[in-house]
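Take the given structure of chain A and dock chain B to it, following the hints.
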Amino acid sequence: GAVVSQHPSRVICKSGTSVKIECRSLDFQATTMFWYRQFPKKSLMLMATSNEGSKATYEQGVEKDKFLINHASLTLSTLTVTSAHPEDSSFYICSALRTGHNYGYTFGSGTRLTVV
Amino acid sequence: KQEVTQIPAALSVPEGENLVLNCSFTDSAIYNLQWFRQDPGKGLTSLLLIQSSQREQTSGRLNASLDKSSGRSTLYIAASQPGDSATYLCAVHSGNTPLVFGKGTRLSVIA
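Chains A and B, in that order, give the protein sequences. FYI, the working numbering numbers position 33 of the first sequence as 33, with every residue one higher than the one before it. FYI, the working numbering numbers position 87 of the second sequence as 87, with every residue one higher than the one before it.
Just chain A, same shape as in the assembly (with noise of 0.2 Å):
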């Protein structure tokens, strides 16, 4: 159980159009979830803390009109990337926090974004 579902795993695209990561609880409803971005042999950094029903919580230094949230449903929140640069090529990954008798944070697989 616990299973968070992150897709594409892989995304290229051309500078200057946008790309969405899904991220879904599979089996439980989470209405918090996390958006992390990872460069390369570095640490997670949390870009923003997705609620649903509200408006995301960024992290100071992210763009919210660059990376948009969307935290629609308990299952399911999504991270647009709009008009992509090279920059912006990276490793995100989400998280979905579990509570109750099995709270904890269950991670999806990741996406790796490549702008050209």
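Derived from the structure by calculation, the hints contain no laboratory data. Where hints are given, some of them may not hold.
To be verified - For the chain B half of the interface with chain A, some residues (derived, Cβ under 7 Å), not all of them:
no., residue
1, G43
2, L44
3, L49
4, P98
5, F101
6, K103
7, G104
Even for Gly, the Cβ is constructed at its ideal location relative to N, Cα and C.
Then chain B, alone, in the frame of chain A:
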């Protein structure tokens, strides 16, 4: 602000050795600490979660300890195998913030 440090950054050992990975955190007021494994280009797999009231957790060849007062945790891997090669991340949950991660330890187990 919570900061998590992992030492060493990289470690290479021969197969069969027992090894210890270290994690330290600056704010001891934590809810829990979690160890993850990350294979290259992949997401995170949770290994062990230690609640603030616990001192250790065990799963198979893995044992994680927590000394909250000193801000330290260790991950002990017994009888290491080549399949254990990965990056191991320590993450701390405290306050109203989501997980704060260390930079990880890249482990290579040589057959």
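Hints and how they fare:
no.	hint	result
1	G43	holds, 4 Å
2	L44	holds, 4 Å
3	L49	holds, 6 Å
4	P98	holds, 5 Å
5	F101	holds, 5 Å
6	K103	holds, 4 Å
7	G104	holds, 6 Å
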